[in-house]
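Let the sequences and hints guide you as you build the complete structure.
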Amino acid sequence: MRGKSGVVLFAHGSRDPRWAEPFERLRDQLVAQRPDANVSLAFLELMTPSLADAVDALVAQGSADITVVPVFLGQGGHVRRDLPVLVDACRAAHPGVTLRVSAAIGEDAAVIQALATYCAGELDRR
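Reading the sequence shown from the start, the letters are residues 1 to 126 in full-length UniProt numbering.
By construction, these hints were calculated from the structure, which means they are not laboratory data. Computed from a predicted structure; not experimentally measured. Glycine included, every Cβ here is placed at the ideal spot set by N, Cα and C. Any given hint could be a false lead.
[Stated by the list, open to error] Label pairs and their calculated CB-CB ranges:
1) ASP82 <-> ASP108: 35 to 45 Å
2) ARG125 <-> ALA89: 20 to 30 Å
3) ALA116 <-> GLY3: 32 to 42 Å
4) ALA60 <-> ALA109: 27 to 37 Å
5) GLU122 <-> ASP56: 37 to 47 Å
6) ARG25 <-> ALA110: 45 to 55 Å
7) PRO84 <-> PRO49: 16 to 26 Å
8) ASP124 <-> PRO84: 39 to 49 Å
Here it is, written out as structure tokens:
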């Protein structure tokens with residue numbers, strides 16, 4: 001029997017620990033919405049856990065089907081160049097695990113609409 005599906009929210013990272021707070025809230029909301037999934041947060045640099053450590057932890061929890069969601073607004077160099085290398089290393093470390101990568105969240109029409117709605121609301125705060 002396969003365990004819960006896994007999701008890794010993959011963000012950039014920062015030296016300032018407060019920078020992670022919105023990503024932690026996103027993780028917590030996803031956990032609340034999807035109790036049927038194992039959810040982790042990972043960072044490219046400057047913060048922990050790394051993508052490899054997050055995938056290792058999900059596999060240890062029994063996840064054999066993991067989706068990496070880049071929490072980036074666009075498909076910049078980190079998403080196009082760095083992430084594929086990291087994912088390939090995770091695949092090599094866990095050959096029995098299905099590891100998928102979604103588009104960066106900022107590429108999704110619903111996310112863009114939510115951001116536009118937020119920005120439009122800011123105009124009304126004058």
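So, going through the hints one by one against the coordinates:
| no. | hint | in the structure |
| --- | --- | --- |
| 1 | ASP82 <-> ASP108: 35 to 45 Å | violated, 21 Å |
| 2 | ARG125 <-> ALA89: 20 to 30 Å | violated, 45 Å |
| 3 | ALA116 <-> GLY3: 32 to 42 Å | holds, 38 Å |
| 4 | ALA60 <-> ALA109: 27 to 37 Å | holds, 35 Å |
| 5 | GLU122 <-> ASP56: 37 to 47 Å | holds, 40 Å |
| 6 | ARG25 <-> ALA110: 45 to 55 Å | violated, 18 Å |
| 7 | PRO84 <-> PRO49: 16 to 26 Å | holds, 19 Å |
| 8 | ASP124 <-> PRO84: 39 to 49 Å | holds, 41 Å |
In terms of the numbered hints stated before, the structure departs from hints 1, 2 and 6, listed from lowest to highest.
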